[in-house]
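Protein chains: 2
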Amino acid sequence: MTRPGGILLFAHGARDPLWARPFEAVADRLRQKAPATPVALAFLEFMAPDLPHAGRELAAQGCERVTIVPLFLGAGGHVRKDLPLLVDALRAAHPQVEWRLAAAVGEHADVIGAMADVAWAQAGAPTPPRR
Amino acid sequence: MTRPGGILLFAHGARDPLWARPFEAVADRLRQKAPATPVALAFLEFMAPDLPHAGRELAAQGCERVTIVPLFLGAGGHVRKDLPLLVDALRAAHPQVEWRLAAAVGEHADVIGAMADVAWAQAGAPTPPRR
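Residue numbers (numbering that gives the first Met the number 0), protein chains in the order written: chain A, 0 to 130; chain B, 0 to 130.
Since the hints were made in silico from the structure, they are not lab data. One or more of the hints may lead you astray.
[To be verified] Pairs of lysine to any residue, SDA-like flavour, derived with a Cα cap of 20 Å:
| no. | chain 1 | residue 1 | chain 2 | residue 2 |
| --- | --- | --- | --- | --- |
| 1 | B | K32 | A | P16 |
| 2 | B | K32 | A | A120 |
| 3 | B | K80 | A | L17 |
| 4 | A | K32 | A | R20 |
| 5 | B | K80 | A | K32 |
| 6 | B | K32 | A | Q121 |
| 7 | B | K80 | B | L100 |
| 8 | A | K80 | B | L100 |
| 9 | A | K80 | A | R99 |
| 10 | A | K80 | B | G12 |
| 11 | B | K32 | A | D109 |
| 12 | A | K80 | B | A13 |
| 13 | A | K32 | B | A120 |
Construct the complete structure from the given sequences, taking the supplied hints into account.
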């Protein structure tokens, strides 16, 4: 029997607890969409759990495959340097799991389009936007 | 004659120039949607222009109203403390312009939904998501 793949959302973290709300909302949305899919949210700093702990939890749940999705808009050093090292450590710690590292969400046209639509709506567009 | 309102996108900035690509893509998308609308992109740190310079440019273009849209997912100290002070300074420097501060894009359901959809797609969803 193939167990379901898990989704591990990865965000930066901040000192202000309110900061995490959009990321928790993404996790909640995924859990509503796919109740059978294990979904975890981890942070680089300031907030818990971190990636090693959240990854261990998904491995303990029996995930054979986990996709790590960086909830970052810009992909700088955190996404392109820190995160691959953390994923290497997960692979070493849990070799029975296939750990897949996805591109940052900000690289995706649908997320860019959603941000542009929101900006346009907030500006109180006087005429409908051209799509 | 009422001149068009402007849109001032505000992002964090980073040392890595590639980091800015998604934010530039949002600005490009808006310019394609609404060629008559002045659109500028400004950064809190590391990248240019900063908010005072970009705001001055939009004021010089004759904008009577400018909506400042924070391209942040989480709203922590940068959005809730630093940015309002920067906007106050714009209001003092350019009182002929109506400066409107929008909520961070990460607070919007459409952006959260787009991130969840992207995460789901990247996880190689075995069955279509429930909407």
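Now the hints, each set against the structure:
Under the criterion of a C-alpha separation no larger than 20 Å, the hint pairing K32(B) with P16(A) is inconsistent with the structure, at around 36 Å. With a C-alpha separation of about 12 Å, the suggested pairing of K32(B) with A120(A) holds against the 20 Å cut-off. For a cut-off of 20 Å, the pair hint linking K80(B) to L17(A) stands: about 13 Å separates their Cα positions. Restraint check for K32(A) and R20(A): satisfied, since their Cα atoms lie roughly 18 Å apart, inside the 20 Å limit.
Simply put, K80(B) and K32(A) have alpha-carbon atoms about 35 Å apart, too far for the 20 Å limit, and the pair is violated. Restraint check for K32(B) and Q121(A): the C-alpha separation of about 14 Å stays at or below 20 Å, so the hint holds. In summary, the hint linking K80(B) to L100(B) is supported, as the alpha carbons are separated by about 13 Å, within the 20 Å threshold. Distance restraint check for K80(A) and L100(B): the Cα-Cα separation of roughly 33 Å exceeds the 20 Å cut-off, and the hinted pair is therefore not satisfied.
With a CA separation close to 16 Å, the supplied pair K80(A) and R99(A) stays within the 20 Å bound. The straight-line distance between the Cα atoms of K80(A) and G12(B) is roughly 17 Å, inside the 20 Å bound, and the hint therefore holds. A threshold of 20 Å between alpha carbons decides the hint, and for K32(B) with D109(A) the separation of about 15 Å falls inside it, so the pair holds. Restraint check: the Cα-Cα separation between K80(A) and A13(B) comes to about 14 Å, which is no more than 20 Å; the hinted pair holds.
A C-alpha spacing of about 12 Å is found between K32(A) and A120(B), which places the hinted pair at or below 20 Å, so the restraint holds.
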